[in-house]
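The whole structure should be built from the sequences, with the hints applied where relevant.
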Amino acid sequence: MIQQLGTNNKLHIFWFVIDSVRTFRSGKDDRDRLAVMDDLALDSVEFTNCLTSAPSSLLAAAGMFTGLPSTFVARHFNDFKIGIGALDTIASLVKIHGYRSFPILDTRDIRIPLNHVLPSFGKKYLPNGYKLSDYAWHNWDLNRVFRSILDKYDFSNPACFTFWFDCRRDPKTSDYVRECIDWIKEEGLYEDAIVVMHSDHGYPDPDSQLNEAYFKELGHDMVLTDDNIRVPFFLKYPGCPKSNKIKDVCGLIDIIPTLFDILKLPYKVVQPRYQGMSLLPLIRGEEKESRIRISDTRLPMDVNRISAYRSTIRKYIYFHESRAEFFFDLENDPSELKNLGESVACQTELNQFRVVRDDFEREIYLFHRDNLERNARKSFQKMKKWFPRGLKKVVIVSKGIKPIISLLAEKTARYFDGCLIDLVYSGTELAGIKNVSGCFQVKDFTYEEIVHAELGRYDLVVFLTENSSRVFLKEEIRRGIKSIPARKHVLMNFNFELFNYFVYRFLHSNKLKMFLDWDNKGFLYKQEPFFLIKDVVFFLIWAVKKVYKTHFTKEKDVDLKAAKDIMDFRKFHLEGNESGLIEMDDQLMKYEYTRIRTRDS
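For the sequence shown, this note's numbering assigns the number 1 to the initial residue and increments by one for each residue that follows.
Hints should not be assumed to be uniformly reliable.
Within a straight-line C-alpha distance of at most 16 Å, the following computed EDC-like cross-link-like pairs (lysine to aspartate or glutamate) qualify [unchecked claim]: (1) Lys245 to Asp38; (2) Lys10 to Glu191; (3) Lys245 to Asp39.
Listed next, with one range per pair, are the computed distances between beta-carbon atoms [stated by the list, open to error]: (4) Arg25 to Asn339: 21 to 31 Å; (5) Arg273 to Lys28: 31 to 41 Å; (6) Asn244 to Gly341: 27 to 37 Å.
Don't read these hints as lab results, they were simulated from the structure.
Even for Gly, the Cβ is constructed at its ideal location relative to N, Cα and C.
Here you go:
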């Protein structure tokens, strides 16, 4: 039971967040579970299957301080959907319900100036042969900073404190946290306080196949194994069952609604299915159905996005670009070594996770719809001047399409003065798509059906393709593009590796007039109208200038080998040399792939 306190004597809240802590001890690095956590576990409830909303600090914080998965909160790093009354956050707890807040953390306004100062200090002032050590702060008594602030305040008024320990390379972190808790006890605040302690995310096990070289190349925020997304989490409040361990899955997004529940304050629900829920029913054993918590490596508009959907004993991982799937039985395979994605016996459970995945993606889209429509309107308005006036008929050809493509059809028609939209597609049935001026739909098309659609009669042809569909791309274009007269306007989306390949092949054979690198820039992210951004317009301008206003005579414009490849390709094309054309395809693809990879590295 929760100790009932008077309205003028609210519970103090002490919230400790320690960067990069695993739920276990490996003994091989400084990311292990802290000793102070064992001490706190004796007085608190420990959640052994708590998931972060993302294995990176920024996105994890967005989730833990709002109670929503970070994919809902953040549109990109400079556009958060908070501070406008949309969500209850720790700030609303402070401002609306009479609490004061004293966050002590590595804030942006402090960090950015220091990033400019500290490197110059090492270069200008250290003797030759010396460099700044990563462990230079070992002997700094962090607690003096905390005490200098805390000693100034009268604790007869309610307060909420957030301590973020970002110096995880310091082996004394556990001692620093323990001294803070000891101080809270000395002040007589501990018994009637709420104490929250957890990590923002874990860190991969040193015994795994991943090593520091891997993290320097890719980053730990791309890893969704349990050692990286499962975090230690402890909750102490007056009357809580001490030394209690909860094995049911939960998430850091459940902290905010739990605090509101303990304090008996109203909590705003803006996303019923995926918003965090109070953990008190779980502690009391009243919750019968297992929760599913989600962890994402990236935001919906970003490339290389991977998502993990985890219940107490099952885990489903989905790669959004390649559409690869992994399914693990955590009860019998805690190390996640055996992928059951192809197991016939697991298909029923796997399909249940797929339903959650698709519903989650749809809810993300709907939550951000206002932003999507605003950006779509701006982008289409800027793009219109690049197309001839009076577009009347548009066809969209897609392999693997999702229901929310309907917005694309509607918006395209609207921003191109009500032109007709036809859809030729393969894959999932278009659920609930609005009939846009009597649109034509073909499901599970063949290459012959693409030609049968008589693409040449359209003013604009839009090809939507998958990153992994290189064979489809080549065959689709090789067969289907023949029906399109020269100088017809065709837009395509594909990954950046194929960019130059199609510029050289089609723009210079007068088949395609212009196109966009939609997939990398976010214009159409995996066949979904996600985040139409101004970069698309700039990219389009660049492409048009390259093709129509710049001759391939200067090395700074395009390398000479690529220009020679173009001339060879056109020569084969004019001579009708099909074998030479196919060989040229392969050579050009290999060359471009190697050149881009070399450039990036």
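Evaluation of the provided hints:
no.: 1; hint: Lys245 to Asp38; result: holds (12 Å)
no.: 2; hint: Lys10 to Glu191; result: holds (13 Å)
no.: 3; hint: Lys245 to Asp39; result: holds (14 Å)
no.: 4; hint: Arg25 to Asn339: 21 to 31 Å; result: holds (28 Å)
no.: 5; hint: Arg273 to Lys28: 31 to 41 Å; result: holds (40 Å)
no.: 6; hint: Asn244 to Gly341: 27 to 37 Å; result: holds (35 Å)
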